[in-house]
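Peer 1: Note that the protein sequences, when read in sequence, are chains A, B and C.
Take my numbering: the final residue in the first sequence is number 940, and no numbers are missing along the way.
Take my numbering: the final residue in the second sequence is number 305, and no numbers are missing along the way.
Take my numbering: the final residue in the third sequence is number 1191, and no numbers are missing along the way.
These aren't lab readings, by the way, just hints derived from the structure by calculation.
Every value quoted in this text rests on a predicted model; they were computed, and no experiment measured them.
Treat the hints with care, as some may be off.
To be verified - To give a feel for the contact side, a few chain B residues facing chain C, derived at Cβ under 7 Å:
hint : residue
1    : I1
2    : Q5
3    : A57
4    : V173
5    : V259
6    : F262
7    : L288
8    : L299
9    : T304
Stated by the list, open to error - Residues from chain C that keep clear of chain A, each with C-beta distances beyond 10 Å, as calculated:
hint : residue
10   : K1004
11   : A1018
12   : I1019
13   : L1021
14   : F1029
15   : Y1051
16   : H1126
17   : M1151
Yeah, the Cβ is synthetic: ideal placement off N, Cα and C, and Gly gets one too.
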Amino acid sequence: MIEFLVFIGLPLLLAVFCYFMQDMIVQFGLTLLAAFSHICLSALVFFGFYEANLPVFFGLDALSKLFLLILSNVYFWVTLVSYSYLKKPVMPKAEEGKKFYFMLLNFYLASNSAAILSSHFGMYWVAAEATTLSVAPLIYFYRNEEALEAMWKYLFLVSVGIAFAFIGILLLTLSAEGTPLEGRQLFFADFVKNAGVLNPIWLKASFIFIFVGLSTKIGIAPMHSGDVDATSNAPAPIAALMSGSLRITALLGVMRILQIISGTSCYEFARVILITGALLSIFAAFVSMFRINNYKRMLAYSSVEHLGIITLGLGVGGLAFAGALFHAVYNSIAKVVLFLTAGNIHRRYKSRQVDHVKSALTSMPKTSWLFMLAFLAISGIPPFGIFFSELKIFEGMLFSDVPALLVLLMFFLLFIFINMGRIIFSMLYKKGSDEPALPEPERWESNHAVAIILLIILTAIAVFSPDVLYQNIIDITKDFGIRL
Amino acid sequence: MDIEIIQGIISLLLLILLAPLFSGVVNKLKAKMTGRIGAPVLQPYYELKRLFRKETINASNSSFISRFSPILNFVAVIIAAAMLPVGFWKPLISFNGDIILFAYILGLARFFQILAAMDIGSSFEGMGAAREVTFALFAEPIFFFTIGSIAFVSGAASLYEIYHSIHLDNISYMVFVVICSISIFMLAVTECSRMPVDDPNTHLELTMIHEVMILDNSGFDLFLYQYSGYIKLFIYTVLEISFFNPFGKESYLVYAGIFIVIAFALAFLLGMAETITSRYRMKNIPQYLLFATAIGILNLLIFTFTQ
Amino acid sequence: MENVLSILFCLSLFYVSLTLRVKGYIAVLRSQGIILAILLLYPFIYDFSVYGVIIPLTILIIKVFFIPRYINKIILDLDIKRQVEPTIQQMTFLPLVIASMILIFLATHIISLITKIDVIPFASGFSAIVVGIYIMIFRKKLIVHVVGFLIMENGIFLFGTAVASELPMMIELGVLLDVFVVVFLMGIALNKIRSSFEGIEVTQLGRLKD
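Bound conformation, chain A alone (with noise of 0.2 Å):
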């Protein structure tokens, strides 16, 4: 009971609470605190150290284990740096926006651990609505038109494609139609024990319905335009937990469609079907590259592009869907650190263009080291775990039934790097025409404090690679009846 407590009650009576409280410390403190018992409850879970014993429609396995914890760790500093990102805003319409800010937090935070807890597919269903909800004010902080155009399109396309994933989830019931499934609840469990005897015309439906429903929130081409605008529109904070751990959370849906199905005669479909989505996404990120002049925009694509690589990796199978999931972790940690310095920048400049962002290095030594290295890390550059987690996706890919894409993937990945590249060393070198005469001196801030931690767990992770983690991955492998 307690961990139901801390994981989904607490969030939700702090939601309420902040409602009623105004005053900011407070809200922060309190928020804090559930964030950080969110974090150790979930380390403990995930180590084995805790039994983990939850009530009806939800539960605990190695895949949710996994993603509880990159929620929480997301979360976690996410909400350690929000305050001083609330103190000084970058525009003053924001100042309305304050007053919600941590109880949507709660809310979302709340909302994301019941969907990743969740163990039926209603229950999924209705927490990622939710998450939607939660998070749709929080990208329209800043109170000015981009915000609520991207606010709009993002509610409306994720809810409409949240709807898309229901139609999918009652397909499912009908491809339980005549097993022993008939007429019982919809519990992932139950549905992986019995994926033999569905229906696979329905099964196969169903997981069309889901993938392109949740794509919408995953980021997934086609459907990514209202996620890349949320995402560029939101503040730092916000835009670091929608690229760090909401993707991750709509992906989960996929997955539990995607582990029912691996064990049937439709898994060849269903990886042709990731596979495709996963190409086009990354090509959208490639594509979109050369032409962008937005830098917040330019890492939303490059979420879009990671989670590309992601599901190209769950799609392919074998060693790629371990490094899949490798790449989830590493992902969410360096997205964190890539947008929170982005948001540094744009509280200095005053501006997302990549234009007006001239001679970053001098006028902002400590935030741009970090952002470059961050784009390194992004960018699969070792020693950091991204570099790792793409080299097993590659070997899988290498060695599986598809190698050749592999060929695309790396020719798509290197323009991206290049392009990326391109931007943000302009970004950080080159010279504007109207310098100030002697940039005043960056300060120490707590985000650059938070960035640096998270660069050495990123490459602490994969250079002494934890045996936990790397039980955890393949106990997740296992469950979805992969063979390494």
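Add chains B and C to chain A, keeping to what the hints say.
Peer 2: Same frame as chain A, but now just chains B and C:
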């Protein structure tokens, strides 16, 4: 002589004789609803009588079509009326597939009316003809989808058998029939140029559809046009009433009662529609007709798949 | 009875694709809510249980009272013109709807030969989903998009009854609550859009591009 032929002749005579009365009732009810006293119920008869006695004058540049068309129009409508079953009596003309003849003999009547309208070369009449054709194009599918769906369901292809196959014992069939009757009602409104589609009492040629086509006719020709108009309205009314045939299975008396009640109800509905709605804009009329078609299609779909 | 209600549901879909008045759209939302509530309440005539009546009553309250009232309020507050502005000709829209419906019914019929489903509610629900999507694509006003979304949700609901899936009550209520909050948030967003943009149509939302 066969009893069936006598019954057929009687029902045909009933149709022809009662048709003006029905129009009179509609007009009377409409007048009542708008707060006027209105013309007497028998007014259509008086008008027909007046027109009958008058001399026919044709435009000097009119061809044989103008002289030929009113009679053809009248005869075609009479033939259509002869195919219509009243109650459980077999109509005079009844064979397998007569619904197609029924639809197209009315189409023939309309065709010659349109030709005659264009024959004189008056711009107003040409405009009316163009409108009539446009709306007829959209009205035709309504009939086929509605009557056709019942035909499809019952497997019969003559009006008599189709109406005989209607039974109201299960609820979904009942809803089906009710929806059919809605689209037939919309069809009647269109074909007989009643209110939401066409305003029979308008005084401006620009807004007319049907009335503008017979502007140049007079005397006996006009009598024929008017009379065939009354009969046409009554034909559609009977089409509508026949949906409720099964209620009158017991005896002729019950059937007659039902016939009268439903006829009154329809007259009331027509009058009501003309009182509370205004005429649609010309460009919205095809949508209205398409809606009726959609209902017909829905009927067909739903009834096919409930089997 | 299910078939009858589905037919009425389809009729409301035809009406919504025909009418050009926002009021008509709201009336359709109301009537669809009533149809769905009756559909769920109907079995309880024979076998009454307090527990089972909760969801139909919630639907009645949310879909028939709260949401239409809320949308009406938005329309009044924002002074939205009562005319729905289509981006394509009505004469193309209605045939499109009819054609899609025919396709859906035929497809459902073919499917029903393989799997045991109720053809009419299944196809009606699916048609509502498609019509809702069409409304979102082919209409300019954002408030109409919200109505299109709700029609789609209604369709999913009908569809759900057709596949005879019984979700637990808690989740069923959660779904309803989610939909309600979505509409609520959309309403707030519309208010803001009204005050910061010139109008409330899709054409105004073109700032975010690559």
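Peer 1: Determine for every hint whether it applies to the structure shown.
Peer 2: Verification of the hints:
Nearest Cβ of chain C to the Cβ of I1 (chain B): about 40 Å, over the 7 Å cut. The hint is violated. Given the 7 Å rule on beta carbons, the hint for Q5 (chain B) is violated: about 36 Å separates it from the nearest Cβ of chain C. Interface restraint check for A57 (chain B): the shortest CB-CB distance to chain C comes to about 36 Å, outside 7 Å, so the restraint is violated. Given hint, V173 (chain B) at the interface with chain C, holds; its Cβ is 5 Å from that chain's nearest Cβ, closer than 7 Å.
For V259 (chain B), the interface hint is violated, the least distance from its beta-carbon to any beta-carbon of chain C being 24 Å, above 7 Å. The beta carbon of F262 (chain B) comes no nearer than 26 Å to any beta carbon in chain C, farther than 7 Å, and the hint placing it at the interface is violated. Interface restraint check for L288 (chain B): the shortest CB-CB distance to chain C comes to about 5 Å, inside 7 Å, so the restraint holds. The restraint placing L299 (chain B) at the interface with chain C holds, with a minimum CB-CB distance near 4 Å, inside the 7 Å limit.
Hint status for T304 (chain B) relative to chain C: holds, with the closest Cβ pair at about 6 Å, below 7 Å. The beta carbon of K1004 (chain C) sits about 23 Å from the closest Cβ of chain A, which is more than 10 Å, so the claim that it is off the interface holds. Annotated as non-interface, A1018 (chain C) keeps its C-beta farther than 10 Å from every C-beta of chain A; the closest such distance is 19 Å. Its beta-carbon lying about 21 Å from the closest one in chain A, I1019 (chain C) satisfies the requirement of being farther than 10 Å from that chain.
With a minimum CB-CB distance of about 16 Å to chain A, L1021 (chain C) clears the 10 Å threshold, and the non-interface call stands. For F1029 (chain C), the shortest C-beta to C-beta distance to chain A comes to about 22 Å, beyond the 10 Å cut-off, and the non-interface label holds. At roughly 16 Å, the least C-beta separation between Y1051 (chain C) and chain A is larger than 10 Å, which holds for a residue marked as non-interface. The claim that H1126 (chain C) lies off the interface is violated: its Cβ sits roughly 7 Å from the closest Cβ of chain A, which falls inside the 10 Å cut-off.
Not every beta carbon of chain A lies more than 10 Å from that of M1151 (chain C), the smallest distance being close to 8 Å; the non-interface claim is violated.
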